[in-house]
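A.B. asks: With chain A held as given, fit chain B onto it using these hints.
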Amino acid sequence: GQQVMQIPQYQHVQEGEDFTTYCNSSTTLSNIQWYKQRPGGHPVFLIQLVKSGEVKKQKRLTFQFGEAKKNSSLHITATQTTDVGTYFCAGSGSNYKLTFGKGTLLTVNP
Amino acid sequence: DGGITQSPKYLFRKEGQNVTLSCEQNLNHDAMYWYRQDPGQGLRLIYYSQIVNDFQKGDIAEGYSVSREKKESFPLTVTSAQKNPTAFYLCASSIASHYNYGYTFGSGTRLTVV
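As you go down the protein sequences, you meet chains A and B in turn. Residue numbers for the first sequence, in this note's numbering: 1081 to 1190. Residue numbers for the second sequence, in this note's numbering: 33 to 146.
Calculated from the structure, these hints are not laboratory results. A few of these clues could be false.
Straight line, CA to CA, 30 Å or less: simulated BS3-like cross-link-like pairs of lysine-lysine [unchecked claim]:
(1) Lys102/B with Lys1177/A
(2) Lys41/B with Lys103/B
(3) Lys1177/A with Lys1136/A
(4) Lys102/B with Lys41/B
(5) Lys46/B with Lys89/B
(6) Lys1131/A with Lys1150/A
(7) Lys89/B with Lys115/B
(8) Lys1137/A with Lys1150/A
(9) Lys115/B with Lys1177/A
(10) Lys1116/A with Lys1139/A
(11) Lys1116/A with Lys103/B
(12) Lys41/B with Lys1116/A
(13) Lys1177/A with Lys103/B
(14) Lys1182/A with Lys89/B
(15) Lys41/B with Lys1177/A
(16) Lys103/B with Lys89/B
(17) Lys89/B with Lys1150/A
(18) Lys1136/A with Lys1116/A
(19) Lys102/B with Lys89/B
(20) Lys1137/A with Lys1177/A
(21) Lys1150/A with Lys1177/A
(22) Lys1177/A with Lys89/B
(23) Lys1116/A with Lys1150/A
(24) Lys1139/A with Lys1182/A
(25) Lys1182/A with Lys115/B
(26) Lys1150/A with Lys1139/A
(27) Lys89/B with Lys1116/A
(28) Lys41/B with Lys1182/A
Here chain A stands alone, though its shape is the one from the complex (with noise of 0.2 Å):
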């Protein structure tokens, strides 16, 4: 079945660090998602991305979709103590399921 791969399990970062996840999955994706998810609260969806290359940006948040639609990365520059949390994407195949990767989970020291 789809598989969908996130690296790295655990990020430790120093405030105004950036951070980047990637997202990869063993087929051809659709659509892929992001999600934040706070500590002890439940994931919240972030953002889409559909076509091919595609990069969107939201605030200090970049999203991209990999030319072969088979990956997927999120990048946050200069990080903020409010970026804490685990970041899932989630991507689906041609049975529109969608898939969740294991997260990313993001500590940020003041």
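C.D. replies: Using the frame of chain A, we list chain B on its own:
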């Protein structure tokens, strides 16, 4: 405000007992989902429903059951057949499942079986 309500937030049950987790949404979403989250495991799909009176098994449906009698409600029963039921359970909904829109999640129910 529209959203998804899961209750209770914390639930304790004795081993061998069935327990039902509530999920209600007022977003008028057609599709609803149940996920299980364990530390380091991400989110794993238990059951999903695209329309009323219809639902499909997800990746880890064994030991669980659901119903979808109303559009707004999608309760999950954790049966005594579920071998390791202690986990964080998340309910979600979306506009439709034939094209993926972002999911809206409830705040979750943390189930502990002793």
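A.B. asks: Against each hint, give a clear statement of whether it holds in the structure.
C.D. replies: Going down the list of hints, with the structure as the test:
1. Of the supplied pair hints, the one linking lysine 102/B and lysine 1177/A holds, its CA atoms being roughly 22 Å apart against a limit of 30 Å.
2. Our distance criterion of 30 Å between C-alpha atoms is met by lysine 41/B and lysine 103/B, whose separation comes to about 22 Å.
3. A C-alpha spacing of about 23 Å is found between lysine 1177/A and lysine 1136/A, which places the hinted pair at or below 30 Å, so the restraint holds.
4. For the hint linking lysine 102/B to lysine 41/B, the alpha-carbon distance of about 22 Å falls within 30 Å, and the restraint holds.
5. Taking the CA atoms of lysine 46/B and lysine 89/B, the gap is near 26 Å; set against the 30 Å cutoff, the hint holds.
6. Taken as a hint, the lysine 1131/A and lysine 1150/A pair is honoured in the structure, with Cα atoms around 11 Å apart against an allowance of 30 Å.
7. For a cut-off of 30 Å, the pair hint linking lysine 89/B to lysine 115/B stands: about 17 Å separates their Cα positions.
8. For the suggested pair lysine 1137/A and lysine 1150/A, the alpha carbons sit about 20 Å apart, so the restraint of at most 30 Å is met.
9. As the CA atoms of lysine 115/B and lysine 1177/A are separated by approximately 25 Å, the hinted pair is consistent with the 30 Å bound.
10. A distance of roughly 15 Å separates the Cα atoms of lysine 1116/A and lysine 1139/A; the hinted pair therefore holds under the 30 Å criterion.
11. For the proposed pair lysine 1116/A and lysine 103/B, the alpha carbon gap of about 27 Å is at most 30 Å, so the pair holds.
12. Distance restraint check for lysine 41/B and lysine 1116/A: the Cα-Cα separation of roughly 20 Å lies within the 30 Å cut-off, and the hinted pair is therefore satisfied.
13. A distance of roughly 20 Å separates the Cα atoms of lysine 1177/A and lysine 103/B; the hinted pair therefore holds under the 30 Å criterion.
14. The hinted pair formed by lysine 1182/A and lysine 89/B meets the criterion: a straight-line CA distance of about 20 Å does not exceed 30 Å.
15. Under the criterion of a C-alpha separation no larger than 30 Å, the hint pairing lysine 41/B with lysine 1177/A is consistent with the structure, at around 27 Å.
16. Between lysine 103/B and lysine 89/B the CA atoms are separated by roughly 18 Å; this keeps the pair inside 30 Å, and the hint holds.
17. For the given pair, lysine 89/B sits about 26 Å from lysine 1150/A by alpha-carbon distance, which is consistent with the 30 Å threshold.
18. The suggested pairing of lysine 1136/A with lysine 1116/A holds, with an alpha-carbon distance near 16 Å, which does not exceed 30 Å.
19. A hinted pair counts as satisfied when its Cα atoms are at most 30 Å apart, and lysine 102/B with lysine 89/B qualifies at roughly 18 Å.
20. Note on lysine 1137/A and lysine 1177/A: the hinted pairing holds, with a Cα-Cα distance of about 25 Å set against a maximum of 30 Å.
21. With a CA separation close to 15 Å, the supplied pair lysine 1150/A and lysine 1177/A stays within the 30 Å bound.
22. Note on lysine 1177/A and lysine 89/B: the hinted pairing holds, with a Cα-Cα distance of about 12 Å set against a maximum of 30 Å.
23. A threshold of 30 Å between alpha carbons decides the hint, and for lysine 1116/A with lysine 1150/A the separation of about 21 Å falls inside it, so the pair holds.
24. Among the hinted pairs, lysine 1139/A with lysine 1182/A is consistent with the structure: their alpha-carbon atoms are about 25 Å apart, no more than 30 Å.
25. Restraint check: the Cα-Cα separation between lysine 1182/A and lysine 115/B comes to about 22 Å, which is no more than 30 Å; the hinted pair holds.
26. The straight-line distance between the Cα atoms of lysine 1150/A and lysine 1139/A is roughly 25 Å, inside the 30 Å bound, and the hint therefore holds.
27. As the CA atoms of lysine 89/B and lysine 1116/A are separated by approximately 26 Å, the hinted pair is consistent with the 30 Å bound.
28. A threshold of 30 Å between alpha carbons decides the hint, and for lysine 41/B with lysine 1182/A the separation of about 23 Å falls inside it, so the pair holds.
The structure agrees with every numbered hint stated previously.
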